[in-house]
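Let the sequences and hints guide you as you build the complete structure.
Chains as they are written, first to last, in the numbering used here: chain X, 1 to 163; chain C, 1 to 448.
By construction, these hints were calculated from the structure, which means they are not laboratory data. Accuracy of the hints is not assured; some may be wrong.
Derived lysine-lysine pairs resembling DSSO-like cross-links, with alpha carbons at most 27 angstroms apart [unchecked claim]:
no.	chain 1	residue 1	chain 2	residue 2
1	X	K29	C	K346
2	C	K354	X	K34
3	C	K283	C	K416
4	X	K29	C	K416
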Amino acid sequence: MKPKEIKKLIELVEDSNINQLEVSRWGKKVRIMKTPDNPGMSSSSSEVMTVATPQPAPQPAPAPTMPAPTQVEAKPAAESLPTNIAEINSPMVGTFYRSPAPDADPYVQVGDIVTPGQVLCIIEAMKLMNEIESEEKGRIVEILIDNTQPVEYNQALFKIEKL
Amino acid sequence: MFKKILIANRGEIALRIIRACKELGVATVAVYSEADTESLHVRFADEVVKIGPGPSAQSYLNIPQIISAAEITNAEAIHPGYGFLAENPQFAEICESCNIKFIGPSSDMIANLGDKAFAKEKMKQAGMPTIPGSQGIIKDIQEAELLAEKVGYPVILKATAGGGGRGMRIVREKEELAKAFNTASSEAEVAFNNPDLYMEKYFEQPRHIEVQVLGDQYGNVIALGERECSIQRKHQKLIEESPSPAVSERIRKKMIDAAVKGAKKSNYESAGTIEFLLDEDGKFYFMEMNTRIQVEHPVTEVVFSMDLLKLQIRLAAGDKLDSVIKGYKLRGHAIECRINAEDPAKNFRPSPGKIEIFHIPGGPGVRVDTHAYDQYVIPPFYDSLIAKVITFGMNREEAIIRMQRALEEFVIEGIKTTIPFHQKVLKDKDFIDGNFNTKFLEHKANLF
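Below you can see the structure in the form of structure tokens.
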């Protein structure tokens with residue numbers, strides 16, 4: 001396409017209501033788009049006119065709308081935590097246990113003060129019991145998972161108030 | 001039939017497996033890394049379990065996390081897809097010991113057939129032609145010379161501990177052999193700490209033809225035609241088709257018989273592919289066997305009107321071959337182009353990032369297998385395959401014209417893709433004439 005022709009097309013677009021113009025000839029394409037005066041507003045109707053070789057205007061494929069699959073555990077809506085509250089997340093996929101054995105006392109309760117290295121819970125994976133230790137000193141504010149509930153990687157287990 | 005299957009993979013193959021499961025009424029569990037949170041296979045599965053951060057070693061290759069995910073969701077079987085853990089015998093063994101059905105052959109079979117020397121020997125016993133060469137290491141130059149005379153020049157000397165093209169020498173004439181032997185040996189010593197070499201007949205311009213096999217748990221095996229996979233770049237397949245324009249009815253029958261015999265001899269179970277080298281004289285030789293479903297399975301599906309994933313799952317569930325396949329006949333021609341997120345103008349440099357516009361082609365005889373969509377962000381951790389375009393025609397000519405049309409309609413913006421590269425190949429005279437081999441892209445590098 002010659003520069004003169006392209007210039008003419010640009011003038012065409014400028015002087016009209018057209019927002020986008022795509023021209024294709026002999027396998028070469030030119031697309032001219034008008035910059036909106038108000039970048040904050042998106043034009044509700046952008047007409048794409050094709051000249052010379054009629055081609056269907058490429059439509060963006062609609063984003064698939066599917067029912068949300070069942071997450072292993074419904075994630076709580078993202079909330080911004082106050083700066084002194086941290087979440088302790090699971091490093092692995094497995095089953096969460098609050099006590100070392102079915103009839104034993106839980107490792108921690110809400111309100112307990114924990115120290116670095118203290119065992120908070122067990123995540124069972126592939127028949128192995130993994131002790132999950134606290135990395136901080138703090139007070140257990142909330143226990144987010146029920147006993148024997150399955151958890152996935154990085155899932156929040158406890159909320160702890162840093163001390 | 002299984003009630004629930006866990007898919008230990010991602011991307012387009014994970015979606016493909018989910019589709020087969022849906023049609024079989026089987027519930028699906030998708031495992032995913034943090035980088036794949038917005039992935040389509042995660043959206044379409046019934047249950048999802050996050051198993052790790054982006055890098056594959058910590059997620060899709062993390063066996064404990066995957067097995068754990070199967071346990072907490074009570075999945076009865078795991079489909080490994082291709083790549084990742086699909087041909088990992090340890091993973092298959094762990095599944096077996098955890099009472100989870102690994103959808104594929106047994107761990108022993110994977111280990112054995114994955115050993116090239118073992119596989120070659122096994123196939124040889126089944127009467128399959130194998131690449132002539134040495135039986136193990138060559139002691140010295142004298143032995144090399146005798147063997148080369150027997151096998152016939154050209155030959156290739158390869159380091160037994162080697163790879164990556166090092167410790168390899170092609171020898172075209174007797175006079176070059178001694179020098180080549182010494183150079184290859186020293187190179188191998190330096191690179192791999194092992195100077196030992198073996199020898200194989202060298203094929204200048206072979207074609208890569210592979211045969212799809214299916215086996216049930218009762219010793220029955222069938223072969224579903226062949227696929228032509230010679231259009232490769234750095235040993236990566238880019239375009240595949242079925243049937244092969246280079247294979248006559250006579251050769252086809254021989255290859256298929258050989259493949260079925262070889263698979264039966266190994267008691268092969270599940271879907272698998274036997275790869276052959278076809279030389280310029282129409283002779284074929286066993287190269288290796290892949291014990292998994294392959295990327296290019298759609299071209300076979302299309303010409304045989306079959307669903308290989310559903311078949312694979314049914315066979316894993318214990319169905320007999322003749323109950324799931326009632327009769328089959330190859331019809332028409334299919335071609336597949338692998339669209340990668342790479343920039344062909346910059347030596348196929350990977351081009352991850354956000355897809356701004358995504359419009360897939362449609363119309364008669366066009367199939368697109370993809371996990372990408374409009375506004376999808378391609379993560380940088382995994383391979384660059386974003387879509388497979390498969391076209392079907394009543395003959396090869398129609399399949400080619402359809403592919404040309406489909407590639408024109410396929411709009412992907414925001415990242416660079418290999419669509420322009422495929423368009424050039426599909427217009428190349430030699431390609432259209434069916435006149436090509438594994439050196440095709442190498443010889444035409446400057447054109448593409």
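Hint by hint, here is what the structure shows:
Restraint check for K29(X) and K346(C): the C-alpha separation of about 21 angstroms stays at or below 27 angstroms, so the hint holds. Restraint check for K354(C) and K34(X): the C-alpha separation of about 23 angstroms stays at or below 27 angstroms, so the hint holds. Between K283(C) and K416(C) the alpha-carbon distance is near 40 angstroms, which puts this suggested pair outside the 27 angstroms criterion. For the hint linking K29(X) to K416(C), the alpha-carbon distance of about 17 angstroms falls within 27 angstroms, and the restraint holds.
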